[in-house]
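Engineer: From first to last, the protein sequence lines are chains A and B. Residues in the first sequence are numbered consecutively from 67, following the numbering used here. Residues in the second sequence are numbered consecutively from 67, following the numbering used here.
Think of the hints as simulated: they come from the structure by calculation, not from any bench. Note that this is a predicted model, so its numbers are computed, not measured. Accuracy of the hints is not assured; some may be wrong.
Pairs involving identical chains hold if they fit within one copy or between any two copies, as the list cannot separate such chains.
[Claimed, not checked] For lysine to aspartate or glutamate, the following EDC-like pairs were computed, each having C-alpha atoms within a straight-line distance of at most 16 angstroms:
no., residue 1, residue 2
1, LYS100, GLU373
2, LYS100, GLU302
3, LYS100, GLU365
4, LYS141, GLU206
Protein chains: 2
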Amino acid sequence: MDYDELIQLFKEGSYRALSRAISIVENKEPGFRKIIAEISRTGGNGYIIGVTGPPGSGKSTLVNELAWGYRSIGKRVGIIAVDPSSPFTGGAFLGDRVRMQRIATDKGIYIRSMASRGHLGGLSAAARNVSRLLDAFGFEIIIMETVGVGQSEVDIVKAADTTIIVSVPGLGDDIQANKAGLMEIGNIFVINKADLTGVERVEMELDKIIKMAYHSASWKPPIIKTVASRGEGITELIEAISKHERYLKDEGLFSQKRRGRIEEELVTLISDHLFEHFSPKIEDKVSLKALTDKIINHELDLYSAAEAVVESILKEKDKGGVKIET
Amino acid sequence: MDYDELIQLFKEGSYRALSRAISIVENKEPGFRKIIAEISRTGGNGYIIGVTGPPGSGKSTLVNELAWGYRSIGKRVGIIAVDPSSPFTGGAFLGDRVRMQRIATDKGIYIRSMASRGHLGGLSAAARNVSRLLDAFGFEIIIMETVGVGQSEVDIVKAADTTIIVSVPGLGDDIQANKAGLMEIGNIFVINKADLTGVERVEMELDKIIKMAYHSASWKPPIIKTVASRGEGITELIEAISKHERYLKDEGLFSQKRRGRIEEELVTLISDHLFEHFSPKIEDKVSLKALTDKIINHELDLYSAAEAVVESILKEKDKGGVKIET
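Here chain A stands alone, though its shape is the one from the complex:
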């Protein structure tokens, strides 16, 4: 389908058009800028929920149940599952395919896997663009799910309106440690698989962390116990999310958070565009090879080399030639 047709079908609510648009935006294929410009004319109404936690915490099941919970109160739900997947599997694991089969029968839920790697301009930017598409498509709830390890992955859930950190009893210390870096970004803590032994210990630990990290915060993250595989605790979780949404809106933090997010993205894009503007000049006129030789031979350090390149580009910009002594 051509571009105008794609946009038209997207607006008419075609899931095929949505999937195609996401692929274009995710891979920055030709036309991606046009699509972003087009969808930026609408949207902004979807509520974004970030869900993260260690492998084995049952995140996917929890997210599925959360989606069904919202569905039962009439909301349309879009899910972005960021997986550290392989190029071999094309971004979808067996588990995901099973998830999609079950969910595909309901037109009110859409699930999309994103690979963790290989995104020009960064994973976080790509995920936000996909979230923007889901928003423009009309999903009222957008859930972004990531494994809670890794800087880019955490950046994704941090950008949500409400961020949920999932813990689970009985994982080894090595695994629980992965949560540590997440603790300061959680708005709601979930202990999933709360029917397992050891739930009290996890609760005590979380309690301690909340007291420590949030002692001066006006929002104290609640701890919600769930057994996602049996749908237990989901209603309570949805209630906690609503409460957090009301808190954000009452305090004026909702739009403030979103403003901050957009400003941050804008600054990153400006940086990218600047580099794009200058990079042909770098490639054509500066001998990166010669500079690399100098660095390898200990005649120059990386930072001084980079500085020299930038100075030359800026100085010689309008004179049509950049020359670096090599």
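Using the hints, position chain B against chain A.
Structural biologist: Coordinates of chain B only, in the frame set by chain A:
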């Protein structure tokens, strides 16, 4: 201690100076550029080994044993352990402190934890700078250890001369899936805890992946079985690493890989420096707030906004004023 004293002590082999220098470089404190310039005059002799695998695979024990193995053949070993740690714990977990106590008695092994988050210019760049410091300090083996999830974390081990992917029998599918994205970057596969049941299954899976992903590669990754907690398989692992090193050097790939790494870093730094050069102009003269308003009100999309800013900066550069219609 002042800067000259620090450099002097570093050169004399003071571990205290090394630790201080790493902190300065890691946090980009004042003087970090000077330190990088200074240490770039030497080094380049350390062999860099990347070790990654899922939580619970016993990576830390394996890395410790590997370090002792190298120590027993007279090599000095520096370890960089990248952990998705918390600001609360200051980057070191209990597990790390235990490791450090045991290792601190041997002056030939140095271990440093790095937090996964909060690095200006990226985790991967920070880790490479720390590795450069260890190299200049005289460590012949540098081991970079990360949890094998997350883009930045994988970038770190990818930059090693030899990359080791650790698997383990009996982890759930959810956890094993995390390995998938790593498979194409492994030079050596280790099955740790090889005394557990299920080791044959993991071996078969790895075999399949190697056949698929490396069928046209001239280096076929060997599979080494270890029980790190008992020191079993470590000699075989060191032998496999040596073999890979010889392969890289015989094929001319060793210096090629290192060149590529430096060129890549150079391009990233050029981009950073360009942005640094222009960012005061952006902050002073462009109303990011007004642009953000337009984006929120659906009058402008992010990409067009960024483009407009860049165009204005470049056009008005020498005229002393940037104005964007808002």
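Engineer: Starting from the hint list further up, note which numbers the structure goes against and sort them upward.
Structural biologist: Per hint list: single violation, 2.
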